[in-house]
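Residue numbers (my numbering), protein chains in the order written: chain A, 1 to 286; chain B, 1 to 226.
Simulated from the structure, these hints should not be mistaken for lab results.
Be a bit skeptical, because a hint or two may be false.
[Claimed, not checked] Once the Cα atoms are required to be at most 20 Å apart in a straight line, the calculated PhoX-like pairs of lysine-lysine come out as:
(1) B:4 / A:109
(2) B:70 / A:136
(3) A:18 / A:93
(4) A:97 / B:168
[What the hints assert, rightly or not] Not everything, but these chain A residues come out facing chain B in the computed CB check (under 7 Å):
(5) 53
(6) 109
(7) 211
(8) 214
Note that beta-carbon positions come from the ideal geometry of N, C-alpha and C, so glycine has one too.
One-letter residues, chain by chain:
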Amino acid sequence: MEEESMITVENLSFSYTKTPFISGMSFSVSKGEIFGFLGPSGAGKSTLQKILMGMLRTYQGSCLVNGTECKNRTKHFYEEIGVDFEFSTMYEKLTAKENLRFFSSLYEKKPHSADELLKMVGLERDADKRVADYSKGMKSRLNFIKALLHDPLLLCLDEPTSGLDPTNSRVMKNVILEEKARGKTILLTTHNMQDAAELCDREAFIVNGKICALDSPHHLIMSKGAAAVTYTWLENGEQSASCPLGQVSSDERLKSLIAENRLRSIHSSEPTLNDIFMDITGRTLL
Amino acid sequence: MRLKRLFLLDMRFQAKYGFYFLYAILTAIYTIVLFALPEHWRGKAAAILIFSDPASMGLFFMGAIVLLEKSQHTPCVLAVSPVRAAEYVIAKVGSLSVVSLAVAAALALAAGVDDLPMVLSGTLLSSVIFTLFGIMIAAQIGSLNQFILWTVPVEAACFVPAVLHLFKVTPAWCGYYPVNVCMDMVSGHYPSAAGFFLAAAMTALLFVRSRFCVLQMWERMGGVKL
Numbered sequence: 001m002e003e004e005s006m007i008t009v010e011n012l013s014f015s016y017t018k019t020p021f022i023s024g025m026s027f028s029v030s031k032g033e034i035f036g037f038l039g040p041s042g043a044g045k046s047t048l049q050k051i052l053m054g055m056l057r058t059y060q061g062s063c064l065v066n067g068t069e070c071k072n073r074t075k076h077f078y079e080e081i082g083v084d085f086e087f088s089t090m091y092e093k094l095t096a097k098e099n100l101r102f103f104s105s106l107y108e109k110k111p112h113s114a115d116e117l118l119k120m121v122g123l124e125r126d127a128d129k130r131v132a133d134y135s136k137g138m139k140s141r142l143n144f145i146k147a148l149l150h151d152p153l154l155l156c157l158d159e160p161t162s163g164l165d166p167t168n169s170r171v172m173k174n175v176i177l178e179e180k181a182r183g184k185t186i187l188l189t190t191h192n193m194q195d196a197a198e199l200c201d202r203e204a205f206i207v208n209g210k211i212c213a214l215d216s217p218h219h220l221i222m223s224k225g226a227a228a229v230t231y232t233w234l235e236n237g238e239q240s241a242s243c244p245l246g247q248v249s250s251d252e253r254l255k256s257l258i259a260e261n262r263l264r265s266i267h268s269s270e271p272t273l274n275d276i277f278m279d280i281t282g283r284t285l286l
Numbered sequence: 001m002r003l004k005r006l007f008l009l010d011m012r013f014q015a016k017y018g019f020y021f022l023y024a025i026l027t028a029i030y031t032i033v034l035f036a037l038p039e040h041w042r043g044k045a046a047a048i049l050i051f052s053d054p055a056s057m058g059l060f061f062m063g064a065i066v067l068l069e070k071s072q073h074t075p076c077v078l079a080v081s082p083v084r085a086a087e088y089v090i091a092k093v094g095s096l097s098v099v100s101l102a103v104a105a106a107l108a109l110a111a112g113v114d115d116l117p118m119v120l121s122g123t124l125l126s127s128v129i130f131t132l133f134g135i136m137i138a139a140q141i142g143s144l145n146q147f148i149l150w151t152v153p154v155e156a157a158c159f160v161p162a163v164l165h166l167f168k169v170t171p172a173w174c175g176y177y178p179v180n181v182c183m184d185m186v187s188g189h190y191p192s193a194a195g196f197f198l199a200a201a202m203t204a205l206l207f208v209r210s211r212f213c214v215l216q217m218w219e220r221m222g223g224v225k226l
C-alpha cells in the first residue's frame, strides 16, 4: 500500500521574471519522513520552501501540503506547521518563557508545556532569563522548541544543530528522531553532511530550480560505487594501497598481508554526500 | 483572543522599550509648558501639542517598533503562524492609540478644554490614521534613515495644512481634508458630516493598504532560508 503523503508536489513551476526559476519539479514526502533539501545558494530552495509554506501562491502545477493546495491555504493551514529558523526569532527583551507563552497563544491547539520543552533542551534554569542574554547556542535551542510548541504535524528545520556543542547537538538530533517516531514529518536543511546522513530518510539535491537527485543518503552514497579500502603495511618504510570495496577478495596483496598479520592500518572510505553532490551537479553546496 | 494577545504583547513591547516612560516625561513637560502659557492661548496650544505628538506618534514610533521587530526577525514567525495581517495592524493601531489617548487626555485636562470627548475622538481618529501611515512606510523600509526620509512627505502633507487650518488661514473647502477634520476634532470642534465621512473613508483605505504592506513584508521575510 502506498504511504500517505504529507507533501505532494507535481510539475511545480515558478518564476519571479519571465525566466523560469523552478521548473517541472515533482516529489512527495510521506508522513513521518525526514526529508532533506541540499543545494547551493540561489538553487531555489528558499523559493520552494516559500511555496510549501503558502507564501508564494503564483506557481503553476500542484503543491499539496497536509491535503491543502498551498495557493488556496487559509491561516488555519499554519496550525499544523512549525518552523525553526536558522536565526533567532524571539522578542529579545522578553524572557524565554514569556516568548514561548506568547507564541503558543497564537495557535488554537493546546500547546506543549513550555517548562517541559525547556527542560528537554536543557534550558530550564534559564527560563526566566531575557533572550537578549542568551548565547547563540541557547537561542538556537529555544528557537527549535518554539517550532514544537503547538505540536505541528509538519516541521521545517533550518540548520537545527548550527552553533551547538556536540552534546547539545546530540540532544537536538535525538529530539528530531523522537518527533519522527511520533509520526511528525520533518523538512530539514543542513550543510552538516553527517547530520543529513544520520537524520534524513531521503535527500533532494536541488540545482537551478530542479531536483538533480532524490534518494536516501545511503543509496546516494552507494550509487557512486566508489567506496574503497585503503591499507598500509611496512616494507622498506610504510607502504599504502587501495582497492575497491567490491574487489577486496581478489586483492592478493591484501589477502596475504591479512594472512601474515602485517597490516598496520585498514579503513574503508565512502564518498560523502558533498562528494556525491559535486559529482552529480558539478557544484559545491555552499 | 489572538488579537488580544497581540495587543497585549505590543503594549508590553512598548513598555519594555521605554515608550511609556518617555511619554510620561513628555506629558509632564508639555503640561508645564501649557501652564506657563497665557490662559487664552492654552486651547490652541493644546490642540497643536496633541495633534503633533500623541495623535501622530504612530507615524514616528511605528518605524522604531517595526524596525526593532525586523531586527529580531519576529515578523518571520508571524508570517508562518495563524496570525492575520489585519490582526497585526489592528493590534499595533490599538496599542499606540491607548498611549495617544492617555497623553491627549492629560494635556486636554491641563488646558481645560470644554469638550474632552470630542478632543479624544479626534485624537483617536488622528492616531489611527498616522499609525496606519507609519505601518505602511515601516513595512517597506529596512533602515531608520529610510523611514525618516519616507515620513517627510507625510509630515508635509498632514501637519502644514492642519496647523494652517487651525488658525483659519485656509479656504473653507479645506475643511473636508481628512487631517483638517482631525484637527477640528482635536481642537474641540464638531466636524462636518461630509468631512468626517471623508476622514473615515481615508482611514478605511489606509487600513486596506497597510494590511497589504504587512502581507508583502511577511512574504519578503517569512519562511526559512533552506
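Hints, one by one, checked against the model:
1. Between the alpha carbons of residue 4 (chain B) and residue 109 (chain A) the distance comes to roughly 17 Å, so the proposed pair stays at or under 20 Å and holds.
2. For a cut-off of 20 Å, the pair hint linking residue 70 (chain B) to residue 136 (chain A) stands: about 18 Å separates their Cα positions.
3. For the proposed pair residue 18 (chain A) and residue 93 (chain A), the alpha carbon gap of about 44 Å is over 20 Å, so the pair is violated.
4. Restraint check: the Cα-Cα separation between residue 97 (chain A) and residue 168 (chain B) comes to about 55 Å, which exceeds 20 Å; the hinted pair is violated.
5. Taking 7 Å as the C-beta contact cut-off toward chain B, the hint placing residue 53 (chain A) at the interface holds, the least distance being around 5 Å.
6. A least Cβ separation of about 10 Å between residue 109 (chain A) and chain B goes past the 7 Å threshold, and the interface hint is therefore violated.
7. Interface hint at residue 211 (chain A): violated, since its Cβ lies 13 Å from the closest Cβ of chain B, which is beyond the 7 Å cut-off.
8. Because the beta carbon of residue 214 (chain A) sits about 15 Å from the nearest beta carbon in chain B, more than 7 Å, this interface hint is broken.
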